[in-house]
Amino acid sequence: MENIENAIEAILFVAGDAVSLSDIAMALEESVLTVSSTVDDLIIRRKADGTGIQVRRVGDKVQLSTNEIYEPYIKKLFMPENKYVITNAAIETLSIIAYNQPVTRGQIEQIRGVSCTYSINALLNKSLIYESGRKETIGHPKLYMTTDEFLRHFGIASVDDLPKLDMAAGDET
Amino acid sequence: MPHHDEDVDDEDYIDPEEELISRLKAYKIYKEACVNMKPFEADASGRFFKLPLEYPFEIDDLSIAGATTDKLYTAFKKVMARLNTLEIEQSYTEVAFEKDPVTVRDRKKYIRNIIKKKGKTSFDMLFEDVYTKLHVAITFLALLELLHVNFLKVEQKRAFDIIIISKV
Chain A
1 MENIENAIEA ILFVAGDAVS LSDIAMALEE SVLTVSSTVD DLIIRRKADG TGIQVRRVGD
61 KVQLSTNEIY EPYIKKLFMP ENKYVITNAA IETLSIIAYN QPVTRGQIEQ IRGVSCTYSI
121 NALLNKSLIY ESGRKETIGH PKLYMTTDEF LRHFGIASVD DLPKLDMAAG DET
Chain B
1 MPHHDEDVDD EDYIDPEEEL ISRLKAYKIY KEACVNMKPF EADASGRFFK LPLEYPFEID
61 DLSIAGATTD KLYTAFKKVM ARLNTLEIEQ SYTEVAFEKD PVTVRDRKKY IRNIIKKKGK
121 TSFDMLFEDV YTKLHVAITF LALLELLHVN FLKVEQKRAF DIIIISKV
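Protein chains in written order, with this note's numbering: chain A, 1 to 173; chain B, 1 to 168.
Watch out, some of these pointers could steer you wrong.
[Claimed, not checked] Heads up, simulated DSSO-like pairs for lysine-lysine below, C-alpha to C-alpha not over 30 Å straight-line:
id, chain 1, residue 1, chain 2, residue 2
1, B, Lys31, A, Lys76
2, B, Lys167, B, Lys157
3, A, Lys126, B, Lys78
4, A, Lys142, B, Lys78
5, A, Lys142, A, Lys126
6, A, Lys47, A, Lys126
7, A, Lys47, B, Lys38
8, B, Lys120, A, Lys142
9, A, Lys126, B, Lys50
10, B, Lys77, B, Lys120
11, A, Lys164, A, Lys83
12, B, Lys109, B, Lys157
13, B, Lys25, A, Lys164
14, B, Lys117, A, Lys164
15, B, Lys157, B, Lys117
16, B, Lys31, A, Lys135
17, B, Lys108, B, Lys31
18, B, Lys77, B, Lys31
19, B, Lys25, A, Lys135
20, B, Lys31, A, Lys83
21, A, Lys135, A, Lys76
No lab work stands behind these hints: they were computed from the structure. Just so you know, these numbers come straight off a predicted model, no measurement behind them.
Start from the sequences, fold in the hints, and give me the full structure.
So, in structure tokens, the structure goes:
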């Protein structure tokens with residue numbers, strides 16, 4: 001292998017979408033561990049150099065994205081539509097799913113105290129959550145989990161990167 | 001009525017006030033979490049991702065021999081679904097009974113003619129002039145019979161691709 005870092009960049013460029021570490025490892029005939037640490041090196045190097053294209057982790061996948069500091073130039077030239085807005089109600093529902101996944105609608109409504117059908121549908125439509133299965137309980141309610149799009153939207157590599165829940169917040173009045 | 005004292009001997013008893021407070025606390029925790037998630041969203045909003053490159057894939061020619069009837073049945077269901085919507089769209093104000101409904105023999109002849117003229121055709125094309133369920137069913141039966149007598153062969157290059165019908 002000439003240079004694993006360069007090969008990974010080339011793969012990510014063609015893929016566009018996020019590519020799983022195991023797929024890259026298979027293509028490069030390297031171990032997932034080697035690929036994973038190389039990706040970390042790549043992320044650190046590109047971040048330090050402030051390059052226009054950055055490498056990002058999306059769950060157990062890797063993807064190229066632009067560097068946000070160059071956003072004004074991209075907007076000036078291409079005038080992309082602004083990213084969708086998540087309403088406050090939907091973001092509340094989303095946070096409950098993110099921190100407790102997989103969860104049922106009932107569990108979300110238990111916390112929010114209101115019906116969440118609309119916000120769940122809105123989140124499904126935006127591909128921020130998906131139905132991961134059904135809970136083995138009476139009525140077999142659907143279970144919801146967050147997607148890779150959720151990670152991308154919030155610019156995090158995994159849900160573990162979300163700020164820890166402030167359990168003391170509930171005690172303040 | 002005997003007076004029920006709630007404080008006595010009920011381990012499962014949950015004070016509604018306490019329950020409400022604990023629910024409000026839980027809600028406040030997530031409300032706070034939303035506030036903390038917002039900056040992440042704002043930071044990420046300036047990043048752009050590209051779409052996958054479109055490049056031709058190397059496709060092996062697949063023969064669907066062996067799975068032919070399954071695939072045909074799926075395609076048949078698709079045509080039926082189209083008819084369902086067609087029929088709903090049409091409003092029936094009068095009912096007419098046709099004297100000679102189409103027969104399998106007619107349809108076999110029809111398919112044979114198409115194949116003879118064009119050499120091959122797609123599965124969907126066979127149903128282009130068909131507007132009733134009976135017609136679809138008969139055309140499908142005719143197709144199966146022609147397959148059975150080895151007059152036709154059915155090919156699909158890859159999954160979900162059009163089904164090509166040609167002479168053996």
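Tested hints:
1. Restraint check for lysine 31 of chain B and lysine 76 of chain A: the C-alpha separation of about 35 Å exceeds 30 Å, so the hint is violated.
2. Distance hint between lysine 167 of chain B and lysine 157 of chain B is fulfilled; the C-alpha atoms sit about 16 Å from each other, no more than 30 Å.
3. For the hint linking lysine 126 of chain A to lysine 78 of chain B, the alpha-carbon distance of about 28 Å falls within 30 Å, and the restraint holds.
4. The suggested pairing of lysine 142 of chain A with lysine 78 of chain B holds, with an alpha-carbon distance near 28 Å, which does not exceed 30 Å.
5. Proposed proximity of lysine 142 of chain A and lysine 126 of chain A is supported: the alpha carbons are some 18 Å apart, at most 30 Å.
6. A threshold of 30 Å between alpha carbons decides the hint, and for lysine 47 of chain A with lysine 126 of chain A the separation of about 29 Å falls inside it, so the pair holds.
7. Under the criterion of a C-alpha separation no larger than 30 Å, the hint pairing lysine 47 of chain A with lysine 38 of chain B is consistent with the structure, at around 22 Å.
8. With a C-alpha separation of about 47 Å, the suggested pairing of lysine 120 of chain B with lysine 142 of chain A is violated against the 30 Å cut-off.
9. Only pairs whose Cα atoms come within 30 Å are accepted, and lysine 126 of chain A paired with lysine 50 of chain B is accepted, the gap being roughly 18 Å.
10. Between lysine 77 of chain B and lysine 120 of chain B the CA atoms are separated by roughly 22 Å; this keeps the pair inside 30 Å, and the hint holds.
11. With a C-alpha separation of about 26 Å, the suggested pairing of lysine 164 of chain A with lysine 83 of chain A holds against the 30 Å cut-off.
12. Distance check on the hinted pair: lysine 109 of chain B and lysine 157 of chain B sit about 27 Å apart at the alpha-carbon level, within 30 Å; holds.
13. With a C-alpha separation of about 16 Å, the suggested pairing of lysine 25 of chain B with lysine 164 of chain A holds against the 30 Å cut-off.
14. Taken as a hint, the lysine 117 of chain B and lysine 164 of chain A pair is broken in the structure, with Cα atoms around 71 Å apart against an allowance of 30 Å.
15. For the hint linking lysine 157 of chain B to lysine 117 of chain B, the alpha-carbon distance of about 23 Å falls within 30 Å, and the restraint holds.
16. Straight-line distance between C-alpha atoms of lysine 31 of chain B and lysine 135 of chain A comes to about 26 Å, which keeps the hinted pair within the 30 Å bound.
17. For a cut-off of 30 Å, the pair hint linking lysine 108 of chain B to lysine 31 of chain B is broken: about 68 Å separates their Cα positions.
18. Under the criterion of a C-alpha separation no larger than 30 Å, the hint pairing lysine 77 of chain B with lysine 31 of chain B is inconsistent with the structure, at around 49 Å.
19. The suggested pairing of lysine 25 of chain B with lysine 135 of chain A holds, with an alpha-carbon distance near 26 Å, which does not exceed 30 Å.
20. Distance restraint check for lysine 31 of chain B and lysine 83 of chain A: the Cα-Cα separation of roughly 23 Å lies within the 30 Å cut-off, and the hinted pair is therefore satisfied.
21. Between lysine 135 of chain A and lysine 76 of chain A the CA atoms are separated by roughly 48 Å; this puts the pair beyond 30 Å, and the hint is violated.
Checked against the numbered hints above, the structure violates hints 1, 8, 14, 17, 18 and 21; every other hint is satisfied.
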